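Turn these sequences into a full structure, and let the hints steer you where they fit.
Residue numbers (my numbering), protein chains in the order written: chain A, 1 to 604; chain B, 1001 to 1148.
These aren't lab readings, by the way, just hints derived from the structure by calculation. These numbers come from a predicted model, not from an experiment. Only true hints are included.
Keeping only pairs whose Cα atoms sit at most 25 angstroms apart, straight-line, the calculated SDA-like set for lysine to any residue is: (1) B:K1114 <-> A:G381; (2) B:K1114 <-> A:Y294; (3) B:K1135 <-> A:L356.
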Amino acid sequence: MYRFLIMLMILASVVQANVVENALDKAADMALAESRYWHLLLHMPGDLSEVDDPAFFLAPDGRENAASELNATITALYGETRFDDNATGCRFPARRTWLQKTLGHEGLPELQCTAYETLVRKMDPQSVTLVFSAAHINSPASMFGHTFLRIDSSYESKMLSYAVNYAAGADPDKENGVVFAIKGLFGGYPGFYSLLPYYEKLKEYRDTEQRDVWEYDLDLDHDEVMAMIRHIWELKGVYNWYYFFDENCSYNMLWLMEIARPDVDVRGHFAYHIIPMETVHATEEEGLVHAKHYRPSKRTLLLAYERVLDGRGETEAMALADGLLNPIAVLNDNGRDPQMKRYTLEAASELAEYRLMKGAVDKAAYSERFHAILSARAALGKGETLPVTRPRNPDEGHRATRALAATGWRDGTPYQRIGIRPAYHDLSDSDVGFMPGTQIEFLDLEARYDRDGAAVEKATIVSITSIAPQSAFFSPFSWRMRAGWDQSFLSRDAVFGTTVGAGFAAGGTWGYGYLLAEPEIFITDKGYGALNTTAGVLFETGGGAKLAGEGGYRFYADGMRQWTGKVKHTSRLSQNNALKLSFEYTDKTDGPQRSFSATFVHYY
Amino acid sequence: MKKVLVSLAAVAALSSAAFAGVNSQTGCGLGAMIIKDDSSAIMLALQATTNGTSANQTFGITSGTSGCKRMPLVMNDRAAEFVASNMDQIAKEVAIGGGESVDTLAELLNVEDKAAFAASLQQNYNSIYTSGDVKMADVLDNIATVEG
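Here is the structure:
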């Protein structure tokens, strides 16, 4: 009897060994190790996987050897020794499903993947949406925006969907800012995928950070969505080193889209740096987007309340939020239009929340006020819905890289310029799709050619501007920083200067004006400190066109003084082409310098 | 660009928010249900295990049970989780007379007529939000009572 059982076990293992052998042979015949899908499953764009966590690989050299990882995977899946959550197939459902489809399920054991099945039941995945959370005013870290995917269920409400996010496992509040930036740039943090209810992401981006949210529904069918889900499960708890410029949040979503639909090549749109909005453009170009939606941020809502409220309403809303006015007084004020009272109380509740988020009020006092305001608001019954102006969709904005060619006169002499800027947007570029008043530039390079030959006109390393107009409810700083070579110094060549300055701005639908004080350092043979005082104004002139003027008076430490001024008009010819006409005036040691130029700009 | 605050923090906040609101003495037994289901609040499916709950785990509360009056609503863990995490947003929308969160709650409670539901919640604001520090379980209980 025992002998029979032992014979049976040996036979079973021989059969199993044969099953594995057959699968391995078949995979070798089909050259599966070289197939695109296998490389997608391994996040392997070339010969090395971008996943850094050894736990993602079954073969010791799996990270750099797709064939040996495939053999290890086949051996494990076709020769499973455990059949529950601990099975390799439960850990790697995407690999298993793909192999089953390509090699056949002969010999592939049945599994009970309880944890995975529970997740799928709970998520109930039906469709996928790419979500772009736009720039957060005044925060350079967010100025490129952020993207993540949302897995939609059969629920009508999208709030019940789940967000698939990729983020570095670091807390910027606990790290030194410089260390944080350096580690972020060069892969010092592990990045993880995570899954959260969408309403949590909305609270984070739309409410706390006050960023407008744009949703792009993807045209993926249920099978494609399920392929993505299986792969997301495989990435559970697995880390990749996070790289700010390329292997970042947005980039890591692209693998998931290609896993869902392998014949799209969204990653192929990128060479060296990935800007979140660019992944939206790439996704649209691959034909994946079929519907778009907008969710205004808390800030956008409050600005909309400012537009419908009169001065008294604004004052009362602030007093209510600060606990200086009893909501009953507003409720019982018979002299007021009921709709104005509704808006006042609604704005007050939003403001009260805003104050709480800013830490300006403690939770207990807030709860009391918030409750009283809402109780009064409820008593006024249903009113009109707040009209919120929807900004132009970011996907209508210009692309990230800019090339330009210019011709003009400088002090009566003709000259030409060419330039390139890999990223991203400046105040003179059309604001269609961008938040007005924000500028973020990396490596803006321009060369000039005139009768004296070629020279560097400008070489910006980094330049960030945040012109944030003051309003009834908001009183932000405006600020600007820059480091690089340009023509603003007293001499007639490009000089390196760096500055961080701040001031205030005011604005409306017409545009905005600003005043800034900017301490500067110029690096010359002597070294120069200076203080620049600047006043600027920018008018939106319709159709994405704008007229910008800025004047400055600079006090140098050695007593020199300098006027600068410029006027620039930008016409938006199309989404990715623009024409800029400009006049610039700069005092130089040897007299004033005047330039006129016409610049053709192309974005791609 | 990247949001570096780890999602774990959000999850911790979410779960604590849910549990902070738990009161096992609530009339319809919702609180007890949530305590029993110890994973429902922790939705970080990729970093936490997901045992203990399933999507179709709903609790029908019919007439006369657990001290509730006739109750046409179907209470479930998903609704509790949602309310716990969106207390202020829901309060705002109830006061205004509707919105996406109120619609979501209506869907979770299998309410057909969302407009009537929103209007009724608005009319009964003071019975649902009885004080500034009302808890999630109370809000749901009160909604159940008001709609009952």
